[in-house]
Every structure is written in C-alpha cells, then in structure tokens.
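Chains as they are written, first to last, in our numbering: chain A, 1 to 352; chain X, 1 to 195.
Simulated from the structure, these hints should not be mistaken for lab results. Here the structure is a predicted model, which is why all the values come from computation and not from measurement. Accuracy of the hints is not assured; some may be wrong.
From the structure, some residues in chain A lie toward chain X, with a derived Cβ separation under 8 Å [what the hints assert, rightly or not]: (1) Ala15; (2) Val19; (3) Gln29; (4) Asn33; (5) Phe37; (6) Lys39; (7) Trp350.
Backbone N, C-alpha and C fix where the C-beta goes; we use that ideal spot for every residue, glycine too.
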Amino acid sequence: MGKMALFLVMALSLAVGIVTVTVNRSKNQLVENVTGFQKYTTARNIAHSGVNMLLSRMDSHDPSILDSLVPGKRAWMITNFMSGRCSVSIQLANPSALDTVDIICNSFFMDTSKYMKLRLRRKPVPFPVVGEAIGLRVPNVKFKISGTGGGKGFIDGRNHDEFGVLTPQPDTSNLPGVGVLYPADTTEVLTYKDNIDGTKDVCIDSSLFDPALFVDEYINAANITYNDGATISNATWGTKTNPWIIYCKGDVHISGTVTGWGILVVNGNLRVSGSIDFHGLAIAYKETIIDVLETGGGGKISNIIGGMLVAGPAGSSFEMRGSQNTVYSKKALEIVRYISKLQWYNILYWYE
Amino acid sequence: MMDIVFASVILGMIILTIMNININMTQENWKGMVELNTQTEAIQLARIMEFDFYKIGYRVPPAAHPSFIVADSEHVKFKTNLGDMAGAIDIVEYGLGGPVLDSKNPRDLMLFRIENVTKVYINYSVTGFRVSYFDSNDVKISTPIFGAALNRIRSLRIMLKLESPEPFDTTYGGGYQYASAIYSKLIYPRNLTFN
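Let the hints inform the model, and build the full structure from the sequences given.
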C-alpha cells in the first residue's frame, strides 16, 4: 500500500512538473515575443530621437554639424541614451549639388537595430536674385567713376569665377554691369560707360530687391558685427569653405587689407579705401541718404567678386575714385548662398 | 477490513484529485499555448504592417500623388518605395478576405497583403481590421475617401483584432472561449507630411 502511495505521489509530481515546464515555456516564449517587439520599438524610438537631436542641432546652427555640409566632408553624431546607441551621419547627397543633404541613422538597442534615411533639401531664406554686378536701388542716384586711365574703377557684369578670373566668353551667365530703378538714372551711369562692361552697361531693373525685407536673417546669423563708425584696417572674414556673414551697424570704413568670403551687410555709409578682396555679396543700405565711396584698389585682380547692392532714398550716391573693381561672379554668389546658417531645411523623404 | 475500506476511499479521493489537477493543468497548458500563438501572430502582423505603413508615400513623386489609392475602413491601398530603389513605386494593399473555413472560430477572416501583384494571405485569425484616417488637424476623415481628399490624409489608426482558431475552453456556458489579442496604433507616416 505504501509503495502504491509513493508511486502515486511520484507520478503526480512528474505530471505536475511536465505541465509546469510546458506552461513556463509558453509564457517565456510569449515574453520573448513581447520583449522582441519592445526592443524593436525602442530601437526605432532611439533612431527617431537621434534624428530629432541632429535636426535640433542644425536648427541651433551647431558649427560641428553645419560646417561639414561641404563636398567631401561628413559629420557624425554618436550618442548613448535609453540604454541604446544611436549613430547619425549627415553629408551632401552629391558633392556637386549643395542643396541636397542626406541623413543616415543607425540605432541599436540590445540585439536589435533600426535604420533610417532622410533626404533634405536646403535653400537660403531668403537670398536675393542678383541681376547685375552692381544694383543701385536708389531713385535719382548720384553715380560717379572718377580717376584717370588704369587708375579708374571698373564694373564688370560678365561672369567671373569665384576668384575673379573672367570665365571663357561668351558666357550665358553674363549680366549687365549696373542696374538702376528708373530710366532717368541710366543717363548718369552711361557717362562712365567706358568703365562698365556686361551684357549691357546699364539696365533698368525694377525688381531690384529691398534688403530691408530680409536682412534681419543675415544680421541674426552674423559671424562678426562692427559698430557705427568702425574703421577696419586688417581683417580676414571666413574662407571659401566657411564663408561668413559680416554686419556693420552703421557707417564703416575699410581702410587696410581685408580678405573675405561671405555676405557683407552695411547699414550705413560704406567707404572702401584699402585693399579689399571680398568674394560674395555686399549689401549697403540705409533709411537716410547713403554714400558708397570706393577709393582704393590695391592692385588686386578684383576687389568685390560676386555682386553688390546699394539701397537708399533719392539722392544717395555711389562713387568710385580709386582703382576698385567690382565684378559679377555666379560661382562666388553660389558659394555664399549656401552659408550653412542661412539654410532652410526641408525634408523631402524619410525612410524608416 | 476497515483499513482496506479507508485506504480505498482515500485512494479514490487521491485519484480524483489527481485527475482533476491533470485536467486543469492540461487546460491551462492549452490555454497558454493558444494565447501564445495568438499574441505571437499579432506581434508578427504588427511588425509587417508597421514596416509597410511607416513607408507610405516614400519617394512617391508629386506627379504620382496622392499616395493613397484606396482608403476605406477595411481596405487600404497605397504607394511607396519599399526597397528604397531609385525610381521604383510599389503598390501595397491590405484588406480582409473571406472567412476561414477549416476553423472552429466562426468569426475569423483572412487578411491579405498585396505587394504590386503578389497576393498573400498573411493571417487567418483576424476577426477585426479597421483603418481610420486623419487630416493634418487630426480630424477624422469619413470613409471611404475618394479623389483629392486622399491628399488630406496625414495619419491613420490601425485596429487589428485576432482570435485563436480553436477555443481554449469549450465548457463555458456562454459559448466557446477564444484567446484574443488586439493591436491598435496611430501611425504618422513621415512622408505624407511632405506632400
């Protein structure tokens, strides 16, 4: 009888054991399934957060990210959070196209990974259409180019490369030399036609942009700011791969040797007497009468390479007394057009 | 004599108890297996659907908009680029098929997925599949959605209910009991935002 009871107890224990193991195995598999999905969603959340962190850094003009958006470079952001790891890289989609950017994100959580790819288009907000080497948005402008022979200033609307060397001609990118608002203003400019070149010496351009409408964007993103009355004797503003935004809060006198790439914004009178070698867009504007005076030259190939705009009320003046050259360069404008701080990024598509 | 009688009674009670325990544990084991199977299916289905739905509109050029072709409450068909291949447009379709004939569950239906031309029944235990669509203000758009209104879709809520094909309890007075799992998610396909 005792043996029978012992046998029954053992059989019962065995049955309970088998059933318990089976039930536990089912529960474990269920937990594994659920946690597998949890790992997947966590990896995806990490990837989303990583991409958003990168976009946020771009939004705050982080130079470690934005300065890498040039041909041949790539920026990385590797972060550990939510017990996982996220690696996000950003680079130009194609070195020859500055307006398209790719973001690649790989996130890892335990043994699960998630891949995301975004393509962004960027464009300056806003960037003016430059229609002439020098645009004079001044009614009844006082225009003068003085001097003698080779000592005279020269305005050239023909296309040049970013270093100021004339491109092979004829070039379909050539523009007029000077643009004015009204027909009456062309007469005075044409007085100096020997010192102006381009598809036309002067043209009437009623669409000359008003810098006041958007210059705040540039001022907010300025790399360097000069106060009213500043005299700049020697300075280097940015490089070709890292052009700057230079803001002058009032009248400014550039007297020494200044080299620069970028956008020069002067909210006041501009006087250039030294040797300036500036590649990009120069804007001089003022609510009251503005006087732009160029007297130096310094023997550079060209002094302002890109484009220039002067905007002011009737009676404002633009005068060249020295041997300054202002030449149009589509390439130089294209380079400064993509200053990273001024870009507006638009997501084209998002693969996840 | 009395000892034998008592022993027999106790033995009978022990055997009954063991049988009862065995029945309960077997039933619990079966229930566990059925639940596991149902939830596993729900998770697998959720992963497949999320893979597809998050890509709605991916690399679909503006000329090919709207990204949705069909947007109904139990049927959705959309354009995407599943493999991230340049210039490719895949058309993916989800919907409910007919009832599953060899199942004891009277409610389960077949869920199909069509990728371009290949139709595959990806699940046989679906008792509910509903899709709701929302615009950029998160306002629900009534279905079916046609024409230009398809361009208004910015997000969609997927509700999926699965039930086991076999009941885990046939003794319940209210009818057979089936294991069930529900998956519900509001999905914002990123690429719809860029339309």
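Which of the listed hints are broken here? Hint 6 contradicted; others consistent.
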